[in-house]
Amino acid sequence: MAGENKLIKLKIDNVYKEYEGRNGKTVALNGVNLDIAENEFICVVGPSGCGKSTLLNIIAGLLEPTSGTVSLDGKVIEGTGVERGVVFQQYALFPWRTVLKNVMFPLEMKKTPKAEAEAIARKYIKAVGLEGFENSYPKELSGGMKQRVAIARAYAADPEVLLLDEPFGALDAQTRVQLQTELLETWEHEKKTCFFITHDVDEAIILAQRVIIMSARPGRIKKIVDIDIPYPRTQATKTDPRFLELKTEIWNEVYQEFLEVRK
Amino acid sequence: MSTKTKKRASISDKLWLLLSLAAALLLWYCLSLGKATGRSFPFLDKVIPAIKTMIDRGALGKDIVSSLTCVAAGFGLGFVTALPIAFLMAWYTPVQKIIEPWINFIRNIPALGYAPLLVIIFGVGKKPAIILIWICTFMTMSITIYQGIKNIDVTLIKAARVLGANDFDIFLKVICPATVPFIITAVRLGLSAALTTLLAAESTGAQAGIGMRIRSLANSFDSPPMLMYIIMLGIIGLILVKFVDIIERKLTGWQEKIS
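The listed protein sequences derive, respectively, from chains R and P.
If you're matching positions, the first sequence starts at 1 in this note's numbering and goes up one per residue.
If you're matching positions, the second sequence starts at 1001 in this note's numbering and goes up one per residue.
A couple of the hints might just be wrong.
Okay, derived cross-link-like pairs now, DSSO-like style, lysine-lysine, Cα gap no bigger than 27 Å in a straight line [unchecked claim]: (1) K139(R) with K1173(P); (2) K1173(P) with K114(R); (3) K1158(P) with K191(R); (4) K223(R) with K192(R); (5) K114(R) with K126(R); (6) K114(R) with K1062(P).
Covered by chain P, per the in silico footprint, the following chain R stretches (three or more residues, Cβ under 8 Å) [as the list claims (entries may be wrong)]: (7) 99–110; (8) 251–258.
Quick list of the computed label-pair ranges, beta carbon to beta carbon [to be verified]: (9) L1017(P) with H189(R): 52 to 62 Å; (10) K114(R) with I1120(P): 37 to 47 Å; (11) S48(R) with L1172(P): 31 to 41 Å.
Note that these hints are calculated values from the structure, not bench results.
Where is the CB? At the ideal position from N, CA and C, for every residue including glycine.
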């Protein structure tokens, strides 16, 4: 197993979450247990409404579990923390700030001296290939560029864990593939623990060391699949026979859950 | 290429404006000839001497200053009170629950309706006029700003939080800038409300003012200067709108617009 003999970075311990709704309570997560190793890349797939976003929000500290805990380096988390960065599907860029000022935001919060903050921000803007757009406003950028800015901003906060909530879900197929490749490259030389939610099985296999399949509501971990395809992976990996095998396996599991939802 | 097309567009824009002005003048002239409409719409040959008389009598300047003072004071008070109340309503539900229904209730009563109440309390003069404009602009602006704050994208607040922002940072660096477009909309609506209310406000026994003058000229069927005062109200309105446009462009150039 990929996580073996490695330090456990993130421990999700029996997390249970219910919502009080109009029609009584809904159980979103029903006892989720997962150990994520340091520098591991985890992808979570599952039908919509399976609670994968809820789980991410709990790890981020934006939601509190009804019971159970999430620990980072053995310490139970409480609330949000800069060591857990989030990339949202809707980019969440501050529209009144330029690209540079957006990426500088977490550094401003840390009270990093301005010159230093700017240098760090420029470094990450360059890393995501947006050199020359420092003074552009988000409205002037395409969806793919916006998400690159959001990723640069998340990196500028220097988190230990990166939580990505369907970050490429709103992008067209070509841009998505491009950003997947870039994200993998960044991950390979800036190893960070990644927790990536997607509904795209191809994307999950290309990126992850382990794919977590979640069951339909109430959300639970149904199966964990080790992706034993060595890195570096590229789009060519998608024609690998092993890739196709894994894809069939994961897809069948997800599809069963999808049918479950439709019932 | 873009500068060229822009230039051409601006020239033709000016031409259109000129044409539109000419069309209006022509219509005005036709109205001045009509038997029924002639008395209400005397043409420039009668209006221009009337302007001169009003200036010579010193009434015009006094009326404009008086009206603009009322609008500025009433709007200013409305703005500085609407802003904190809007934030309080957005922050504390009890405040909103208690205040909002009454704002909505009073907002829908025409100002002319309760103007006499203010005269009974404050007597005649500028004071009730200013307070009336204050009330009307406050209602419009507090509701607009409050709804704006309520509609701020929650994801932005979440994003700020996970990037290390505390409550104070979120207020200053997310809520405030995100509210600016709504504040501008509120200013726009507030100014328009102030002008509309002006006429009701000056019916409370004002000594001078555009609204008061229109009323008194109407009583003596003196239409040439009256027409000029009405046109002037329109011009003041246009100037205020242009002014807000400039501020808006300065402050919210970052905003995505449907064009």
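Going down the list of hints, with the structure as the test:
| no. | hint | in the structure |
| --- | --- | --- |
| 1 | K139(R) with K1173(P) | 19 Å, holds |
| 2 | K1173(P) with K114(R) | 16 Å, holds |
| 3 | K1158(P) with K191(R) | 25 Å, holds |
| 4 | K223(R) with K192(R) | 24 Å, holds |
| 5 | K114(R) with K126(R) | 18 Å, holds |
| 6 | K114(R) with K1062(P) | 53 Å, violated |
| 7 | 99–110 | holds (count 5) |
| 8 | 251–258 | violated (count 0) |
| 9 | L1017(P) with H189(R): 52 to 62 Å | 60 Å, holds |
| 10 | K114(R) with I1120(P): 37 to 47 Å | 59 Å, violated |
| 11 | S48(R) with L1172(P): 31 to 41 Å | 36 Å, holds |
The structure does not agree with the numbered hints 6, 8, 10 stated previously, though it agrees with the rest.
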